[in-house]
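Chains as they are written, first to last, in my numbering: chain A, 1 to 257; chain B, 1001 to 1319; chain C, 2001 to 2292.
There could be a bad hint or two in this list.
Just so you have them, the derived chain B footprint on chain A, three or more residues with Cβ under 8 Å [stated by the list, open to error]:
1) 71-83
2) 191-202
3) 207-219
Which chain A residues face chain B? A few, computed with CB under 8 Å, are given here [what the hints assert, rightly or not]:
4) Phe50
5) Gly86
6) His102
7) Arg103
8) Ala119
9) His124
10) Ala128
11) Glu236
What the hints contain is simulated information worked out from the structure, not anything from laboratory work. Glycine residues also receive a C-beta, built at the ideal position from the N, C-alpha and C atoms.
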Amino acid sequence: MLALENLSMRFGGLQALDRVSFEVREGEIVGLIGPNGAGKTTVFNLISRFYEPTGGRISFYGENLLRLRPYQIVERGIVRTFQLLGLFPYMTVLENLMIGEHRDFGGSLLSVALGLPRARREEHDRRAQALWLLRFLKMEALADAFVFALPYGTQKLIELMRALLARPRLLLLDEPVAGMNAAEKAAMREFIRRINHDWGITVLLVEHDMSFVMGLCDRIVVLNYGRVIAQGRPEEIQQNAEVIEAYLGEGVGSARA
Amino acid sequence: MPRQIWLALIALALVVLPFGLKGYTIYIVSLAGANILAAVGLNLLMGYAGQVSIGQAAFLAIGGYTSALLMTKLGLAFWLAFPLAGVLTGLTGLILFIPALRLGTIYLAIATLGFGAAVQQLIPLPYWSAILGGHQGIKVPRPQIGSFVFDTDLELYYLTLAIVGVLLVLSWNVARSYVGRAFIALRDKPAAAEALGINPTRYKAYAFLVSAFLTGIAGALQAHLVGHISPGEFGLGKSIEIFAMVILGGIGSLPGSVLGAVFLTFLPHWLSEAKLLYTFFYGAALVLVIIFMPYGVWGFFLRLYYRFPMMQKLFPKGA
Amino acid sequence: MIEQYIVLGLAQGSLYALMALGMVLIFKTTDIVNFGQSDMTMFSAYVGFTLVVGLGWPFWAALPLVIVFGFLLGVAVERLALRPAREAPVVSLLIVTLGVGLMLNALASWIWGFDPKSLPYAISGPPVVLGNIIITRHDLVIFGTTIVLSLGFFALLKFTKIGTAMRAAAQNKLGAQLLGIPVFRINMLSWGLGVALGAVAGVLIAPLVFLDLVVMVFVMLKGFAAAVLGGFTSLPGAIVGGLLVGLFESLLIAVPFELINQLKETLVFVLIIVLLAVRPQGLLGEPIHRRV
Chain A
1 MLALENLSMR
11 FGGLQALDRV
21 SFEVREGEIV
31 GLIGPNGAGK
41 TTVFNLISRF
51 YEPTGGRISF
61 YGENLLRLRP
71 YQIVERGIVR
81 TFQLLGLFPY
91 MTVLENLMIG
101 EHRDFGGSLL
111 SVALGLPRAR
121 REEHDRRAQA
131 LWLLRFLKME
141 ALADAFVFAL
151 PYGTQKLIEL
161 MRALLARPRL
171 LLLDEPVAGM
181 NAAEKAAMRE
191 FIRRINHDWG
201 ITVLLVEHDM
211 SFVMGLCDRI
221 VVLNYGRVIA
231 QGRPEEIQQN
241 AEVIEAYLGE
251 GVGSARA
Chain B
1001 MPRQIWLALI
1011 ALALVVLPFG
1021 LKGYTIYIVS
1031 LAGANILAAV
1041 GLNLLMGYAG
1051 QVSIGQAAFL
1061 AIGGYTSALL
1071 MTKLGLAFWL
1081 AFPLAGVLTG
1091 LTGLILFIPA
1101 LRLGTIYLAI
1111 ATLGFGAAVQ
1121 QLIPLPYWSA
1131 ILGGHQGIKV
1141 PRPQIGSFVF
1151 DTDLELYYLT
1161 LAIVGVLLVL
1171 SWNVARSYVG
1181 RAFIALRDKP
1191 AAAEALGINP
1201 TRYKAYAFLV
1211 SAFLTGIAGA
1221 LQAHLVGHIS
1231 PGEFGLGKSI
1241 EIFAMVILGG
1251 IGSLPGSVLG
1261 AVFLTFLPHW
1271 LSEAKLLYTF
1281 FYGAALVLVI
1291 IFMPYGVWGF
1301 FLRLYYRFPM
1311 MQKLFPKGA
Chain C
2001 MIEQYIVLGL
2011 AQGSLYALMA
2021 LGMVLIFKTT
2031 DIVNFGQSDM
2041 TMFSAYVGFT
2051 LVVGLGWPFW
2061 AALPLVIVFG
2071 FLLGVAVERL
2081 ALRPAREAPV
2091 VSLLIVTLGV
2101 GLMLNALASW
2111 IWGFDPKSLP
2121 YAISGPPVVL
2131 GNIIITRHDL
2141 VIFGTTIVLS
2151 LGFFALLKFT
2161 KIGTAMRAAA
2171 QNKLGAQLLG
2181 IPVFRINMLS
2191 WGLGVALGAV
2201 AGVLIAPLVF
2211 LDLVVMVFVM
2221 LKGFAAAVLG
2231 GFTSLPGAIV
2241 GGLLVGLFES
2251 LLIAVPFELI
2261 NQLKETLVFV
2271 LIIVLLAVRP
2281 QGLLGEPIHR
2291 RV
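All chains, full assembly: derive it from the sequences and hints.
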């Protein structure tokens, strides 16, 4: 479904990505891992079109993504979350969620201003949908809470919920469990599994927590210094000598998951 | 008490307001109404969409002159010329939208400053003073619907009340809609907003369009209230005055803009006794309000709200 | 003939440069654009007027005193108006600077009245002639003062402990505080220096135009435009910008077209805007990066 071919990115003197190629197939959960600075977030930023690559192609169901501007990616069904939280702090949870539904609002500026029935109905329906999702996760009490006041783990979850409301086919999660405790991570892992299994959403995630990644992903892609050094199933990756060396340096046994 | 009752009370108060006041005071209130629209227009641009503009006086001028000229030169009726002036001013707002796409905040502020200065300098030029009246300006006809002319302070007040009321409702609708949310999203985290499908170009255009429209209407309204328009009124001072109204009321708060506009419209008149020291106290008022109410009058009100449970009983949530 | 206009333009430009330098300094360290700069400059220039015309002091003696006054004024403004308001968002602080400006304006009209004053030139005497260029002694003072102040200023920033502390505070306020740098004092210092620079510009330009309550507004606006031109975050840019604005303005006067003359101010702005369209960060400013 998503194919990166020989993707390269150069920032001045730094080659952040060097001919990175891998695929994400429909229905998979793929993990993108690698030491700090390996280029993982750069990959996301390229897919989201915030950067222009210096070489290579990105295609989604055959369509060349490089022609698109960042705001057009959502229409194709690709939605991402951000490493440093992309929630809007001075809005309520519900308002944040409803921004996730932005692509489904079609009323013109005029109809909104005049309060025409179509605009009002849209607002009402989208609101109901966002509330439904909150209820589904038993979080409806938070609807009117301001985001900045909530605990970090909750904020991350809300950002994921917002992404879901944008109706993704492919979800890009940038460090979904960073800074969470074990219980929160387990809950998130379950949630992602459900999204993938019950709702058929493909997931590509970047993470540092090894056990989380190994326990969740169908396939893993390992980056180091901007290059793909290994791809495969979790068991294969754990045995891969180059991967172990990248993370731990020389002379260590198999990576402990 | 639920929100509807509060609104009804306020509406009622506004309707009976003039009956205790002198004609001149009613006139000032009407002028405050025009300033309210200008402040709301700027607030939607700054507080919601996060675009700075210190050249709004230019749009006041464009709106005022357009409405006057559509009536006097093209013979259009008021009820046609007036909204049309707003629409045309809205379109000129798109002129500022182009630099807004590329420039950071400070630079955009300068560009709008330049725009305001340019418009003010271009109006009195001799090439078109036959139409625009040069430095003297031109007379602006009174508003008229059918054969009824709005001539007295009282009549003008109710007309202003109607126009401002309607436009406030429309602005509120926009602010609370997906468009308003898109504005705020673009302001706070443009990357996240784009990643959710918000097209920055389109929404910035909307912001400038709506803002210029409201400001144009404000300018036209003021022109019709005063009966005269001249380029001298639309200098940097006026732009900054509107800017101050938004800041004092609280950026991002529409009710705050209303309060800020009313306060700054009346302040000069309260101080007019003090003649020389008037400017001094005006400046001091600005400084003190910001020191003691850093988030504007509305922010101050919200703080009281959260601190005193009594307030929460009077104004239940959802208001 | 054109050389004459160039020299005049550079002289004017030097004053815009000083003004711009002051405003950029304040902006870099405190993130505030000083909209009251024109009134603070005006007030300082009036003080200079009192010293020179009222008390009969020679210009060269009055100038340092005006600088000191400007410095103290800047410090006072920061301490009394801006620090108490520091909780407010930055745009609100712009209004505070404006309010202070208005207060100074009112005070000035109360102390000195509304009629324009004239100041004598810094040095009287015949102008210097170089080839077919005539340079007045006053212009020489302008050039000299600008060069000395700019160099001294940059030396301060680069080579002294205080200067380094100022640069640190400008780049990363929190980091500087964590290192024990007294950011509050740095702010006062920056404001003092920023207003002092404006004061110099004001008292040097006053003899060339009539000194009244509003004349400094145009100087400030052009200083503002100069700062933008140079990139509002760049100190050397402020100087370059000032000189360019002065040059451009002077060359516009040379154009024998009445309309262009009248629209001088507008055209300077148009120039700035066009330049920003091509290079949004100004000539020497830092490019605006998008952080994701």
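A quick look at each hint next to the structure:
1. 71-83: Result for this restraint: holds, n = 8.
2. 191-202: violated (count 0)
3. 207-219: violated (count 0)
4. Phe50: holds (6 Å)
5. Gly86: Where the cut-off is 8 Å and the nearest Cβ of chain B is about 3 Å from glycine 86(A), the hint holds.
6. His102: With Cβ-Cβ at 5 Å, under 8 Å, it holds.
7. Arg103: holds (4 Å)
8. Ala119: Hint holds; alanine 119(A) Cβ to chain B Cβ min 7 Å, cut 8 Å.
9. His124: violated (12 Å)
10. Ala128: violated (14 Å)
11. Glu236: violated (32 Å)
Going down the numbered hints, you'll see the structure goes against 2, 3, 9, 10 and 11, while the others check out.
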